[in-house]
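Novice: Model the placement of chain B on the given structure of chain A, informed by the hints.
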Amino acid sequence: SQTIHQWPATLVQPVGSPLSLECTVEGTSNPNLYWYRQAAGRGLQLLFYSVGIGQISSEVPQNLSASRPQDRQFILSSKKLLLSDSGFYLCAWSVLKSYEQYFGPGTRLTVT
Amino acid sequence: TQLLEQSPQFLSIQEGENLTVYCNSSSVFSSLQWYRQEPGEGPVLLVTVVTGGEVKKLKRLTFQFGDARKDSSLHITAAQPGDTGLYLCAGVPLHGNNRLAFGKGNQVVVIP
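Residue numbers (my numbering), protein chains in the order written: chain A, 557 to 668; chain B, 757 to 868.
In isolation and in its complexed conformation, chain B is listed as follows:
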């Protein structure tokens, strides 16, 4: 079973629109990270959220960690073609094997 479920798996939107993608689990995490991966390249770390309810902003990207530290969301405002990519969430469960677990990703395509 997948520890981190990401939804939607695929999302295509027009430039200028807003979007939100989700990362959910039944487990509690000490922290969650979001990465962006472009085709043929390695993932790049965007942000780490640590505290339940925490909100972090990175330009037009807003990341939120759920109050119970079981889920996270990524909201992109006024999406641009450069936001196209696979967004991966990852985290270490509070009660687990101390390994970073990855979701399968949200594939986002922003059409010019």
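Just chain A, with the same shape it has in the complex:
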């Protein structure tokens, strides 16, 4: 069966510090991968999605970037965090040509 992992589960970082969140998927090959941010426990904002290694599409101009160095690994990064980057970050995967998405447990990021 497929599983999706995210880490860390929680993170408190000062303004201006770098960020790296990691997501890995097991039990499937060539998944579509997604990064979302959820503010105040409501609504999901799509940040990035990827259909393959090295292929990243950005949905919202922002202080963040994403990379996909391996087929089942998706990384969300920032060089300098802003207060507005605080939120609940969710990674998700789907099989090719399907819109049904399967989410990881999320990372709660607080920028202080």
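Because the hints were derived from the structure by calculation, they are not lab data. Being a predicted model, the structure only gives us computed values, none of them experimental. Cβ atoms here follow ideal geometry from the backbone N, Cα and C, with glycine treated the same way. Among these hints, one or two may not hold up.
DEER-style ranges, computed between Cβ atoms [said to hold, decoys possible]:
# : chain 1 : residue 1 : chain 2 : residue 2 : range
1 : A       : His561    : B       : Pro795    : 12 to 22 Å
2 : A       : Asn586    : B       : Glu771    : 23 to 33 Å
3 : A       : Pro574    : B       : Ser786    : 37 to 47 Å
4 : A       : Glu615    : B       : Val800    : 20 to 30 Å
5 : A       : Gln611    : B       : Thr807    : 43 to 53 Å
6 : A       : Gly610    : B       : Thr833    : 40 to 50 Å
7 : B       : Leu802    : A       : Ala595    : 19 to 29 Å
8 : A       : His561    : B       : Asn854    : 26 to 36 Å
Here are some chain B residues pointing at chain A (derived, C-beta under 10 Å) [what the hints assert, rightly or not]:
#  : residue
9  : Gln758
10 : Glu771
11 : Ser787
12 : Pro799
13 : Arg855
14 : Leu856
15 : Gly861
Specialist: Showing chain B alone in chain A's frame:
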């Protein structure tokens, strides 16, 4: 503007009562999905509806897709505390950018 409007935003009921929440849009969707999210966790896919007028049942949960494929409802019979959570609808508009759009959710609280 929000593509999918969910109502009510918040609903609190007693255990054993029935409830219905709604997901509406002015756009036509090829399919709609419902997810449930518990605090601090990622959303979990409950169901996908594809055909206009389709009704799907998942134990005490009944999902309906509108005839015109612009709206959906979720009805819970004899709600239990375990039904507490944020219910998110999501869909890909028939004429759009091929991205899954999420509503802001229906927060349901079932009081024991």
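Novice: Please go over all the hints and tell whether each is borne out by the structure.
Specialist: Do the hints match the structure? See the list:
Between His561(A) and Pro795(B) the beta carbons are some 20 Å apart, a value that agrees with the proposed interval 12 to 22 Å. For Asn586(A) and Glu771(B), the Cβ-Cβ distance of about 44 Å falls outside the hinted range of 23 to 33 Å, so the restraint is violated. With their beta carbons about 40 Å apart, Pro574(A) and Ser786(B) fall inside the hinted range of 37 to 47 Å. Under the hint 20 to 30 Å, the C-beta atoms of Glu615(A) and Val800(B), about 23 Å apart, fit the expected range.
Between Gln611(A) and Thr807(B) the Cβ separation comes to about 32 Å, which falls outside the hinted range of 43 to 53 Å. About 48 Å separates the C-beta atoms of Gly610(A) and Thr833(B), a value consistent with the hinted range of 40 to 50 Å. For Leu802(B) and Ala595(A), the Cβ-Cβ distance of about 23 Å falls inside the hinted range of 19 to 29 Å, so the restraint holds. For the pair His561(A) and Asn854(B), the supplied restraint of 26 to 36 Å holds, since their beta-carbon distance comes to about 27 Å.
Proximity of Gln758(B) to chain A holds as hinted, the smallest CB-CB distance being about 8 Å (cut-off 10 Å). Residue-level restraint check for Glu771(B) is violated (minimum Cβ-Cβ distance to chain A is 23 Å; threshold 10 Å). Here the hint on Ser787(B) is kept, as its CB sits about 7 Å from the closest CB of chain A, short of 10 Å. A least Cβ separation of about 5 Å between Pro799(B) and chain A falls short of the 10 Å threshold, and the interface hint therefore holds.
With a cut of 10 Å, the hint placing Arg855(B) at the interface with chain A holds, because the nearest CB-to-CB distance is about 6 Å. Using the Cβ-Cβ criterion of 10 Å, the hint placing Leu856(B) at the interface with chain A is satisfied: the shortest such distance is roughly 5 Å. Using the Cβ-Cβ criterion of 10 Å, the hint placing Gly861(B) at the interface with chain A is satisfied: the shortest such distance is roughly 5 Å.
Hint compliance for this structure: hints 2, 5 and 10 are not met, and every other hint is.
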